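Here the protein sequences line up with chains A and B, keeping their order. Quick note on numbering: numbering that gives the first Met the number 0 labels position 489 of the first sequence as 488, and the sequence is numbered without any gaps. Quick note on numbering: numbering that gives the first Met the number 0 labels position 82 of the second sequence as 81, and the sequence is numbered without any gaps.
Warning: the hint list may mix true and false statements.
Said to hold, decoys possible - 27 angstroms max Cα-Cα, derived DSSO-like pairs, lysine-lysine:
| hint | chain 1 | residue 1 | chain 2 | residue 2 |
| --- | --- | --- | --- | --- |
| 1 | A | 80 | B | 55 |
| 2 | A | 63 | B | 74 |
| 3 | A | 608 | A | 541 |
| 4 | A | 646 | A | 667 |
| 5 | A | 608 | A | 680 |
| 6 | B | 55 | A | 142 |
| 7 | A | 594 | A | 646 |
| 8 | B | 55 | A | 55 |
| 9 | A | 1 | B | 74 |
Unchecked claim - To give an idea of the interface, some chain A residues facing chain B are shown, with a C-beta separation under 10 angstroms as derived from the structure:
| hint | residue |
| --- | --- |
| 10 | 27 |
| 11 | 52 |
| 12 | 66 |
| 13 | 855 |
None of these hints come from the bench; they were simulated from the model. As the structure is a computational prediction, the values presented were derived from the model and not from experiment. Ideal placement from N, C-alpha and C gives every residue a C-beta, glycine not left out.
The residues making up each chain are set out below.
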Amino acid sequence: MKRMRVWLRRLAGFVHGDRRDREFALELDAHLQMHIDDNLRSGMTIEQARRHALLKLGGVEHTKEQVRDRRGVPWLDTALKDGRFALRLMARSPGFTAVVLVTLAIGIGANTVMFSVVNTLLLRPLPYGEPARLLFIQTVAAKDRSPGMTAPPDFYTYRAQNRALDHLDAFYTRPFNLTGTQEPERVPTLIVSPGFFSALGTPPLLGRGFASDEERWGSHRVAVLSDGLWKRRFGADPAVIGQRITINGEPYVVIGVMPPAFSFFGIDAQMFVPMAFAPDDNLNSHSNYFLRMIGRLKPGVTREQAATDLNRLSDAIIAEQHVNSGTAIDVTPLRDALVRDVRQAVLVLLGAVAFVLLIACANLANLLLARGAVRRREVAVRLAIGATRARLVRQFLTESVLLAVAGGAAGLGLAYVSVDALNLLSQRVLPRSQDVHVDPVVLVFTLGVAALTGILCGLAPALHSVATEVTDDLKDGTRAASDGKARHRLRAALVVAEVALSLVLLVGAGLMVKSVYRLLHVNAGFETDGVVTMQINLPPEKYVDLELDRRLSPLAYGRSVRFFRDVMERVRSIPGVRAAGAINGLPLMGEIWGKNIVFYDRPLPADMKGLSPIQYRVVAGDYFRALGIRIRSGRAFTDRDTREAPKAVIVNRELVRRYWNDQDPIGKIVSVNPPLQILPKSVVDEAVKSGRIPADYQPDKFTVVGVADDVLYGGLSRSALPLVYAPYAQASEGTTNMFLTVLTDGEPLAVVGAIREQIRQVDRDQPVASIQTMEARVSASVSQPRVQMNVLGAFAALAILLAAIGIYGVMSYSVTQRTREIGIRMALGAGRREVMSLVLRQGFTMITLGVALGLVGAVLMTRVLRTLLFGVSTTDPAVFVAIVALLSATAWFASYVPARRATRVDPLVALRDE
Amino acid sequence: MADRADVWQGTLALMVLKTLETMGPLHGYGIARRIEQTSGDVLAINYGTLYPSLLKLEQEGYIESEWGVSDNNRKAKFYRLTSAGRTQVHEETREWERTTAILERFLSPREQS
Numbered sequence: 000m001k002r003m004r005v006w007l008r009r010l011a012g013f014v015h016g017d018r019r020d021r022e023f024a025l026e027l028d029a030h031l032q033m034h035i036d037d038n039l040r041s042g043m044t045i046e047q048a049r050r051h052a053l054l055k056l057g058g059v060e061h062t063k064e065q066v067r068d069r070r071g072v073p074w075l076d077t078a079l080k081d082g083r084f085a086l087r088l089m090a091r092s093p094g095f096t097a098v099v100l101v102t103l104a105i106g107i108g109a110n111t112v113m114f115s116v117v118n119t120l121l122l123r124p125l126p127y128g129e130p131a132r133l134l135f136i137q138t139v140a141a142k143d144r145s146p147g148m149t150a151p152p153d154f155y156t157y158r159a160q161n162r163a164l165d166h167l168d169a170f171y172t173r174p175f176n177l178t179g180t181q182e183p184e185r186v187p188t189l190i191v192s193p194g195f196f197s198a199l200g201t202p203p204l205l206g207r208g209f210a211s212d213e214e215r216w217g218s219h220r221v222a223v224l225s226d227g228l229w230k231r232r233f234g235a236d237p238a239v240i241g242q243r244i245t246i247n248g249e250p251y252v253v254i255g256v257m258p259p260a261f262s263f264f265g266i267d268a269q270m271f272v273p274m275a276f277a278p279d280d281n282l283n284s285h286s287n288y289f290l291r292m293i294g295r296l297k298p299g300v301t302r303e304q305a306a307t308d309l310n311r312l313s314d315a316i317i318a319e320q321h322v323n324s325g326t327a328i329d330v331t332p333l334r335d336a337l338v339r340d341v342r343q344a345v346l347v348l349l350g351a352v353a354f355v356l357l358i359a360c361a362n363l364a365n366l367l368l369a370r371g372a373v374r375r376r377e378v379a380v381r382l383a384i385g386a387t388r389a390r391l392v393r394q395f396l397t398e399s400v401l402l403a404v405a406g407g408a409a410g411l412g413l414a415y416v417s418v419d420a421l422n423l424l425s426q427r428v429l430p431r432s433q434d435v436h437v438d439p440v441v442l443v444f445t446l447g448v449a450a451l452t453g454i455l456c457g458l459a460p461a462l463h464s465v466a467t468e469v470t471d472d473l474k475d476g477t478r479a480a481s482d483g484k485a486r487h488r489l490r491a492a493l494v495v496a497e498v499a500l501s502l503v504l505l506v507g508a509g510l511m512v513k514s515v516y517r518l519l520h521v522n523a524g525f526e527t528d529g530v531v532t533m534q535i536n537l538p539p540e541k542y543v544d545l546e547l548d549r550r551l552s553p554l555a556y557g558r559s560v561r562f563f564r565d566v567m568e569r570v571r572s573i574p575g576v577r578a579a580g581a582i583n584g585l586p587l588m589g590e591i592w593g594k595n596i597v598f599y600d601r602p603l604p605a606d607m608k609g610l611s612p613i614q615y616r617v618v619a620g621d622y623f624r625a626l627g628i629r630i631r632s633g634r635a636f637t638d639r640d641t642r643e644a645p646k647a648v649i650v651n652r653e654l655v656r657r658y659w660n661d662q663d664p665i666g667k668i669v670s671v672n673p674p675l676q677i678l679p680k681s682v683v684d685e686a687v688k689s690g691r692i693p694a695d696y697q698p699d700k701f702t703v704v705g706v707a708d709d710v711l712y713g714g715l716s717r718s719a720l721p722l723v724y725a726p727y728a729q730a731s732e733g734t735t736n737m738f739l740t741v742l743t744d745g746e747p748l749a750v751v752g753a754i755r756e757q758i759r760q761v762d763r764d765q766p767v768a769s770i771q772t773m774e775a776r777v778s779a780s781v782s783q784p785r786v787q788m789n790v791l792g793a794f795a796a797l798a799i800l801l802a803a804i805g806i807y808g809v810m811s812y813s814v815t816q817r818t819r820e821i822g823i824r825m826a827l828g829a830g831r832r833e834v835m836s837l838v839l840r841q842g843f844t845m846i847t848l849g850v851a852l853g854l855v856g857a858v859l860m861t862r863v864l865r866t867l868l869f870g871v872s873t874t875d876p877a878v879f880v881a882i883v884a885l886l887s888a889t890a891w892f893a894s895y896v897p898a899r900r901a902t903r904v905d906p907l908v909a910l911r912d913e
Numbered sequence: 000m001a002d003r004a005d006v007w008q009g010t011l012a013l014m015v016l017k018t019l020e021t022m023g024p025l026h027g028y029g030i031a032r033r034i035e036q037t038s039g040d041v042l043a044i045n046y047g048t049l050y051p052s053l054l055k056l057e058q059e060g061y062i063e064s065e066w067g068v069s070d071n072n073r074k075a076k077f078y079r080l081t082s083a084g085r086t087q088v089h090e091e092t093r094e095w096e097r098t099t100a101i102l103e104r105f106l107s108p109r110e111q112s
């Protein structure tokens with residue numbers, strides 16, 4: 000109890016410190032007066048009386064300090080005092096303070112931004128229920144784990160027979176046409192198995208999710224809207240539940256609306272419908288792989304157990320049904336799947352920004368050291384009158400921490416602003432469509448970094464400052480030689496470190512720049528000048544005879560063929576259009592359609608395992624000419640390649656290389672579906688029995704009529720796969736989702752209006768989507784590496800700027816220190832050139848050492864960039880040489896300015912000025 | 000070293016309290032003078048050491064202070080015992096007497112009978 004009272008009193012004493020101090024001063028005054036009075040009365044002179052009284056007291060200041068220590072909370076007292084002193088000091092030298100604050104704001108701010116990104120992507124839990132148990136499950140190639148998709152029958156098997164998961168759900172995306180009273184709209188839709196929302200733990204805000212029987216064909220015509228679609232097209236009307244809408248020409252009922260914050264996998268889905276297949280739907284077979292899956296672990300089950308369990312099922316399917324050979328199931332935590340692509344990049348950038356901070360810290364330490372030199376006398380005086388070294392160190396540290404915290408606050412402000420800018424970028428590049436923003440975790444991080452920076456940067460200068468010999472510094476005019484040299488060495492060492500760190504960053508940035516350049520200049524096999532593309536997704540119920548399609552009849556897509564033929568004829572007639580074509584998957588969009596090729600110029604393989612995989616595309620119109628794809632031998636498709644004409648295909652050079660040993664394939668016969676002999680007997684019997692194929696089914700045979708140049712369909716950084724083009728009119732498996740490619744004379748976007756008009760004239764209700772020039776598509780495909788390059792480049796630029804400032808600072812100070820020496824030399828006859836080289840020699844050592852260290856560091860560190868680079872090795876000599884040149888030039892320039900100043904020293908002034 | 004200072008502070012504190020008990024309210028200078036006299040001028044203390052002691056006693060609640068006027072018509076801060084202080088004096092005095100009694104038995108040679 001007594002202790003509590005004492006502490007409370009002390010706290011009060013702290014708060015009212017000044018008042019108490021004054022009061023005590025009065026009390027001491029009175030004490031002394033009374034004592035002096037007594038002394039006078041006993042006969043002393045006024046001088047003796049005063050001196051005696053003071054002696055008996057034992058020192059006024061000492062007493063005051065003793066009381067002060069006891070009166071309040073001493074460390075708080077001194078901290079506050081130190082703080083106030085530091086603030087006064089900062090105000091007195093605004094230039095110094097400004098430079099420090101800016102340096103720190105940049106260094107700490109950049110770190111805050113990167114940490115926010117890391118926090119959002121890697122640390123913050125996903126916005127789903129119990130996200131730790133959520134998994135992303137997909138079929139992969141067993142050999143190299145390259146990702147694939149899953150066929151619906153397999154998904155149903157896994158769902159029914161797995162033992163490790165609470166939920167297993169599948170999803171895929173398709174654009175659906177939403178028509179009705181308003182403008183027809185193509186809405187990207189996520190098609191999911193019914194348990195999807197409860198697997199994620201994200202029920203709809205209004206209405207309900209899907210019931211398990213809604214995956215049955217016939218009961219499946221229900222839809223859940225996204226918040227965005229609800230607000231945009233339905234006016235946020237709560238009565239939308241139960242409303243009828245028309246999707247792809249069929250009546251659906253709205254049963255729910257998702258909350259505004261819901262997003263999944265970065266997929267822009269505005270509508271959700273249950274996954275359902277008609278009884279004989281070909282989609283629900285092992286001919287079609289397009290599903291991805293998510294799952295939720297049962298409590299107590301590990302991911303490894305789930306993987307084993309699912310692979311057991313997958314192996315059984317391979318063994319019993321003779322399909323999916325060479326595949327396995329991969330189970331990853333959902334978060335990892337979301338950030339997999341950018342994780343490496345983000346971590347690299349976090350490392351880079353830490354470097355920037357280190358350089359900023361080195362600058363700060365340098366500045367503080369310089370400051371410390373200037374304050375030597377102050378330190379000496381304070382030591383002389385009795386301050387302890389520890390006390391002084393604490394004060395210096397307070398100064399640097401205060402500076403750092405102020406810089407940190409400024410940096411936080413900077414970060415807050417730039418995070419908004421980053422979000423604009425992140426929409427396209429980062430998979431989490433969640434906002435990157437500054438949240439409490441980040442604030443704590445920033446504060447911690449700032450405090451740490453202050454202490455680290457301030458410690459060496461602080462310790463150094465108080466390790467002085469008092470007598471030397473009190474003397475006028477002399478400079479303790481050893482002290483100056485040691486201080487200078489420390490500063491030089493810091494500069495060397497800065498140069499080295501900057502070099503590493505610059506090399507990294509340089510490699511990224513070269514990588515992006517390489518990506519953009521890769522020969523993708525097509526031309527982009529003047530090409531505009533747009534997506535037309537025909538509603539199957541309007542353009543496909545579903546009954547015929549089920550029976551794999553080539554007549555099923557008759558209406559779609561006519562549609563595209565009409566459209567392209569019309570578009571071709573638009574003035575300014577040089578060629579028009581269409582394809583079901585544009586270059587750089589991915590390897591979206593895999594099939595197998597069967598060669599009839601050699602013995603047939605014994606079973607499915609012996610088939611040769613290829614990529615497959617259907618093209619219409621003048622596709623090759625529109626995209627400038629060269630036909631190497633043979634011919635392109637023409638209007639005469641109709642359904643009745645002999646079936647023709649064009650292959651690409653990679654296919655010829657891989658499967659025909661580069662020999663001329665023109666005239667050879669192939670097919671893209673396996674003949675019945677190869678298929679497992681059980682599958683054939685089943686299909687014939689269910690009427691899906693006629694008993695005498697034979698796959699269409701095609702003649703190779705041309706060889707086209709390789710085109711990078713998979714992306715600029717992927718190599719071309721063997722590919723078969725079939726004419727749209729002749730392909731037996733059609734598609735209603737095609738991309739128009741139009742080559743124009745001038746500005747491609749100028750004819751878009753005319754193109755849309757022509758399409759409207761063929762079908763008024765048909766929406767057109769994804770209108771983009773080919774150039775924009777190419778640019779978008781490198782947006783991720785480009786963003787990385789920009790950010791890394793920005794950090795590198797900051798680094799070199801800070802390093803240059805550091806070099807300048809040290810050199811400039813050194814010149815000031817040596818003014819007298821320079822004056823003497825010049826008086827003794829040294830020329831300007833000699834003086835300059837004298838000064839530069841100092842810089843030379845620092846820079847060379849820094850570059851050497853930096854090179855070693857760069858060689859070691861750029862290894863982490865390997866997965867991010869394309870076409871550039873991590874030790875690319877051209878980049879290294881260029882960066883070394885750049886950094887050296889900058890460093891030399893930073894030294895040159897102070898060196899020139901040295902030559903302007905007037906010997907008379909210099910010698911006089913002591 | 001620290002122990003000695005603590006003991007010294009403790010002794011000083013007791014002397015202050017006792018002085019106040021005997022003399023009634025007194026200012027710092029007066030207390031110091033009185034302690035010097037009572038100890039027979041054997042104790043030559045720095046008057047300054049009194050003040051931290053007074054502060055501590057005040058924080059502990061054994062004394063309270065008030066500005067008043069001294070004999071010479073000077074403004075001075077007067078200290079006075081509180082009731083808790085009064086109790087404390089008696090307790091600590093008893094404590095000291097007991098301690099000295101024990102020590103006396105140890106330090107003065109006596110035959111064990």
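Right, here's what the structure says about each hint:
1. A:80 <-> B:55: Since the Cα atoms of residue 80 of chain A and residue 55 of chain B sit roughly 23 angstroms apart, the hinted pair holds (cutoff 27 angstroms).
2. A:63 <-> B:74: holds, 19 angstroms
3. A:608 <-> A:541: With Cα atoms ~38 angstroms apart, residue 608 of chain A and residue 541 of chain A exceed 27 angstroms; violated.
4. A:646 <-> A:667: holds, 12 angstroms
5. A:608 <-> A:680: Holds, at roughly 15 angstroms.
6. B:55 <-> A:142: violated, 80 angstroms
7. A:594 <-> A:646: Roughly 18 angstroms between the alpha carbons, so the hint for residue 594 of chain A and residue 646 of chain A holds.
8. B:55 <-> A:55: Distance ~21 angstroms between residue 55 of chain B and residue 55 of chain A Cα, so the pair holds.
9. A:1 <-> B:74: violated, 31 angstroms
10. 27: holds, 8 angstroms
11. 52: The hint holds - residue 52 of chain A has a Cβ within 10 angstroms of chain B, the shortest such distance being about 9 angstroms.
12. 66: Holds, because the Cβ-Cβ distance from residue 66 of chain A to chain B comes to roughly 5 angstroms (cut-off 10 angstroms).
13. 855: violated, 53 angstroms
Hint compliance for this structure: hints 3, 6, 9 and 13 are not met, and every other hint is.
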